Amino acid sequence: MLKTILTLAVLSMLHLSPNVQAEEIVGALSQKLSSTGDTKNSNITGGAGTTFELTAGQKDKRASLKWTMDNIDSNLAVEFSVPTGSSDNTVLANLDGLAKFNKVTVNYKSALTSLDITKMLEICNEVGIAITSGCDLEGLKAQSKGKNAQKISDLIKEAWNDAPPKFWGTSLSYGSNKMSYIATDSTTKQSETKYGWAASIYYGGFFKSKYKSMWAIEAKREESYKDGDNGIICPPQELNLPISCVSGPLGKPTRNIKDIISFHYRQKFDKFSISPSVNFDNRSDTLGIDVPIFLFKDAGNDFVGGINLGWTNEEHETTLGIFIGKKFSFY
Amino acid sequence: MKTKNVTFQWSSKDFKKLNILLQKAGDKKYSKRVTKNPETFTLNEGQEYVYMVRARGKEGNSYELNITGATKAFSPVKLKILPGEKTSTFLDKFLV
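Protein sequences appear in the order of chains U and E.
Residue 185 in my numbering sits at position 185 of the first sequence, with consecutive numbering throughout.
Basically my numbering = 1-based index in the second sequence + 331.
I should point out that these hints are in silico values taken from the structure, not numbers from a laboratory.
Remember, it's a predicted structure, so these values are computed and weren't measured experimentally.
Certain hints may be false.
When the alpha-carbon atoms are kept at most 30 Å apart in a straight line, the in silico BS3-like pairs for lysine-lysine are as follows [stated by the list, open to error]: (1) K166/U x K360/E; (2) K151/U x K335/E; (3) K335/E x K417/E; (4) K335/E x K145/U; (5) K403/E x K119/U; (6) K166/U x K359/E; (7) K335/E x K119/U; (8) K147/U x K335/E; (9) K403/E x K212/U; (10) K157/U x K335/E; (11) K359/E x K178/U; (12) K344/E x K411/E; (13) K333/E x K151/U; (14) K389/E x K268/U; (15) K335/E x K166/U; (16) K157/U x K333/E; (17) K335/E x K347/E; (18) K166/U x K344/E; (19) K145/U x K424/E; (20) K389/E x K189/U; (21) K268/U x K208/U; (22) K333/E x K411/E.
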């Protein structure tokens, strides 16, 4: 099944499909995947396994499929994502210039601090349920209650390096977008496939109160294309004849290069969780503030959906979106 | 200082690879990974070592780990992924 899904995703990109096709693929993906995703769709966060998620906001809608391989202290993720609808040429709060592109992203991240197995064994012994010999963490978790259960859950996260005090990572994206426009010297719509890419490096860590809060800084170079301003062109007509007009982006798409510095923060509370980021494009002096707020939990008591608030200094308005299938995670 | 050869060998019909990390007890700077199967380490005699095995899979997936050559080691380690879990994480120590 996974192969079929990935094939669909890859084919959609190889054929440089427009958004209509993307919506069909998303529908097919939704039917094939019975579960929601299990990581947050971010290069910085995200665990192992295969995940799927949908996001929908005032300015953009995306569906993505992510596959992750992990090792003791690092992981490599490949993500395919397609836009399912983006109507205008506005700037997103995360300043993502590839938001309208079908894209593939490869992300690598690694912990910079090594695990202390001796210390972990000591904690395991403190919990004090002997299981033959050694410490079977999942077995212990099944038998523990209250604070001990929390200790063991935290230990499992530590064992899988889910919350290293320091980590770094790098990410590469490549994508395409079939962009329609009205040439300035004609009244017919034309289209052109444009390619874009992004590369970033990030560094971050967890605060002492493990699994509750995390920070990261990220530097990103991005080269993409953006539509011209929307407009309507009406050819000259003879008197008393109906006028036929065309509307759409005026002029060819223009190259858009960004140097983005971002600060990310995540904080988990009992009733909700937040994952804000402040993003600044050094070339255009554009500032964006993106604030996903996780409000809804799944049966496993994990936050999986919520609302997304966004603001940029270009438009000076707060936008609202929703997301489903993003499991709140730190790393 | 005398040394001994200690071998890690595991078998499973479910997992192609296990993550196994070996450290000196109380010294996380001495850290080795098991990268092949079987893998032999030359370790200091009289020294205590700790290790961790991680496996990600489906419920019921199992493996067996044998540690040979140590003076005192709990072996074989037989574990499987429990119902409702996706991982198996095991920690233990042994004396060389």
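Original post:
K166/U and K344/E: Cα distance at most 30 Å?
Top reply: Violated. K166/U to K344/E sits at ~36 Å, over the 30 Å cutoff.
Subject >> 30 Å Cα cutoff - pair K335/E, K417/E >> reply: With a Cα-Cα distance of about 35 Å, the restraint between K335/E and K417/E is violated, given a limit of 30 Å.
Original post:
Holds or violated: K166/U with K359/E, Cα cutoff 30 Å?
Top reply: Satisfied, since the Cα-Cα distance of roughly 16 Å is no more than 30 Å.
Subject >> Hint consistency between K147/U and K335/E [alpha-carbon to alpha-carbon, up to 30 Å] >> reply: violated, 41 Å
Original post:
Within a Cα-Cα threshold of 30 Å, do K335/E and K145/U meet the stated pairing?
Top reply: The hint is violated at about 41 Å.
Original post:
Between K333/E and K411/E, does the CA-CA distance stay at or below 30 Å?
Top reply: violated, 36 Å
Original post:
Given the hint that K268/U pairs with K208/U, does the C-alpha gap stay at or below 30 Å?
Top reply: holds, 14 Å
**OP:** Decide if the proposed pair is consistent with the structure: K403/E and K119/U, CA atoms, cutoff 30 Å inclusive.
**Re:** holds, 20 Å
Original post:
Holds or violated: are the alpha carbons of K335/E and K119/U at most 30 Å from each other?
Top reply: holds, 25 Å
Original post:
Taking 30 Å as the top limit, are the C-alpha atoms of K157/U and K335/E close enough?
Top reply: It is violated: about 33 Å lies between the C-alpha atoms, which goes past 30 Å.
Original post:
Is K145/U close enough to K424/E, meaning Cα to Cα at most 30 Å?
Top reply: Measuring from Cα to Cα gives roughly 25 Å; hence the hint holds.
Original post:
Going straight from one Cα to the other, do K166/U and K360/E come out at no more than 30 Å?
Top reply: With Cα atoms ~16 Å apart, K166/U and K360/E stay inside 30 Å; holds.
When the structure is compared with the earlier hints, violations turn up for hints 2, 3, 4, 8, 9, 10, 11, 13, 15, 16, 18, 20 and 22 and for no others.
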